[in-house]
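Enquirer: These are the residues of each chain, in order.
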Amino acid sequence: MAKIIAGFASSHVPAIGAAIDNKQTHDPYWQRVFSGFEKAKKWIADVRPDVVIAVYNDHASAFSVELIPTFAIGCAAEFPPADEGWGPRPVPVVKGHPELASHIATSAILDGFDLTIANKMEVDHGLTVPLNLAFGSPDEWPCPVIPIAVNVVQYPPPTGRRCFDLGRAIRKAVASYPDDLRIVVFGTGGMSHQISGPRAGLINSKFDKAFLDGLTKDPKKLAAMPHLEYMREAGAEGIELVMWHVMRGALDDKVKEVYRFYTVPASNTAVGNIILENVAKPAKKAPKKKALRKAA
Amino acid sequence: MAQAKSKENEYEDIPGTFVFNAERSRQGYGINMFCMSLMKDENRKAFKANEAEYLKKFPLTPEQTDAVLKRDYNRMLELGGNIYFTAKLGATDGHSFRHLAAVMTGSTQEDYAAMMLKGGRSVEGNRSRSGKYDKPAKQTSAKPKAKTAAKSAKKSKSSKKRK
Chain A
2 MAKIIAGFAS SHVPAIGAAI DNKQTHDPYW QRVFSGFEKA KKWIADVRPD
52 VVIAVYNDHA SAFSVELIPT FAIGCAAEFP PADEGWGPRP VPVVKGHPEL
102 ASHIATSAIL DGFDLTIANK MEVDHGLTVP LNLAFGSPDE WPCPVIPIAV
152 NVVQYPPPTG RRCFDLGRAI RKAVASYPDD LRIVVFGTGG MSHQISGPRA
202 GLINSKFDKA FLDGLTKDPK KLAAMPHLEY MREAGAEGIE LVMWHVMRGA
252 LDDKVKEVYR FYTVPASNTA VGNIILENVA KPAKKAPKKK ALRKAA
Chain B
99 MAQAKSKENE YEDIPGTFVF NAERSRQGYG INMFCMSLMK DENRKAFKAN
149 EAEYLKKFPL TPEQTDAVLK RDYNRMLELG GNIYFTAKLG ATDGHSFRHL
199 AAVMTGSTQE DYAAMMLKGG RSVEGNRSRS GKYDKPAKQT SAKPKAKTAA
249 KSAKKSKSSK KRK
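Which chain is which? The protein sequence lines are A and B, in order.
Remember, my numbering sits 1 above the position in the first sequence when you count from 1.
Remember, my numbering sits 98 above the position in the second sequence when you count from 1.
Think of the hints as simulated: they come from the structure by calculation, not from any bench.
Misleading hints may appear alongside valid ones.
[Unchecked claim] Using 25 Å as the maximum straight-line C-alpha spacing, the simulated SDA-like pairs for lysine to any residue come out as follows:
(1) A:Lys24 x B:Tyr231
(2) A:Lys173 x A:Val94
(3) B:Lys230 x A:Ser206
(4) A:Lys40 x A:Pro93
(5) B:Lys138 x A:Val94
(6) A:Lys210 x B:Glu222
(7) A:Lys207 x B:Ala147
(8) A:Lys207 x B:Tyr231
(9) B:Lys138 x A:Ser65
(10) A:Lys222 x A:Asn279
(11) B:Lys216 x A:Gln32
(12) A:Lys255 x A:Val48
(13) B:Lys216 x A:Gln25
(14) A:Lys24 x B:Ser194
(15) A:Lys207 x B:Gly217
(16) B:Lys216 x A:Ser65
(17) A:Lys24 x B:His197
(18) B:Lys233 x A:Gly215
(19) B:Lys138 x A:Pro93
[Claimed, not checked] Which bits of chain A does chain B cover? Going by a derived footprint, with three or more residues having C-beta under 8 Å, they are:
(20) 202-210
(21) 221-233
C-beta atoms are modelled at their ideal positions from N, C-alpha and C, and glycine is treated no differently.
Could you build all of it, start to finish, from the sequences and the hints given here?
Expert: Okay, here's the thing in structure tokens:
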């Protein structure tokens, strides 16, 4: 039986991708950001998920204003990196898991989530930057990735509560999948930032830290936060944080926070990373990987 | 633009911010589709070769055309452009998101970069035009400090930095 073992959330700043692609990760400016992800990398290398479900948003790459799906699940066998105006990022093609993705789509739709099914989709930095932050820059990504794209470009994005409930529906779907797969769910985007208009550059570290606390300890209350508050407190584009609720909803109520990292800035943005593990042991076949705790 | 109907549009009270809602999306369809076209290299070249001529292929109002030609990024947002789309115009000119952000705030590149390194623009004094939301809502634990005004949020049209 498939099982969600942990959640991993991180920002997906495009400049981080550019720093990786241009080999600037050791510059002092970027070192501060990348060194913070070293523990996360070690953690995921120890955990070795069989599949990643990555919740992210498209930035006018696969979807323009012609078609704006609120939630879209990638059911294709692969997802090529998109040309975002500078040519596609030099990262591996993302390999999907069509069987599990279709199973999740079927289960979630019957559960009341009208997911859009994407059988052909390019993926932009919103997805590939978090993969780099978790897995570095390998020739191939180490496991299949199921992209779930969330509209956070045109107002309104889905509510935090709806995102959380989608996480719940994903969890239920995974639990009914017959193969033994250990899955990590990624929530991406955020943290506080505004990149548009005269208020650009807004950063609210207090908000971000409170958000991280709430995500671990009181996720249902956090998920009730209205959109207005994200936009006012965390910047117009800080609303990307709603995607972290999908990740959190896919986990157990009680989780163990194994790692957290926060820094300002990366380009225009605050950068956050948090790893939450389900505490309860899987009913059977717990692949003993407990040494990973020492990573932190 | 139609008047804010209700609480639903309360976000219009956030200073220095153009929320990309359905109305702006309709209004800015031409700008955003023009920007999408810049994802192809041949289109970037055609645009750069004759900007005004290229823009005729898209349903833009004269104001929108003017904003694009002048690289007035705030005006584009006001007229329905979205930053993820207009950034493609910036990329065509060789500019990053951060470069555009500095332009939109009316800062020099150096001042903007320095502000970010110091922790970014404070939310204090930048929550609300009306003053109704000078303090954070209860969900966040933040305490309001003495009001340090970041007044650059007032300037709404600043595009001196265009190339």
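Enquirer: Which of the stated hints cannot be reconciled with the structure, identified by number in ascending sequence?
Expert: 1, 2, 7, 16
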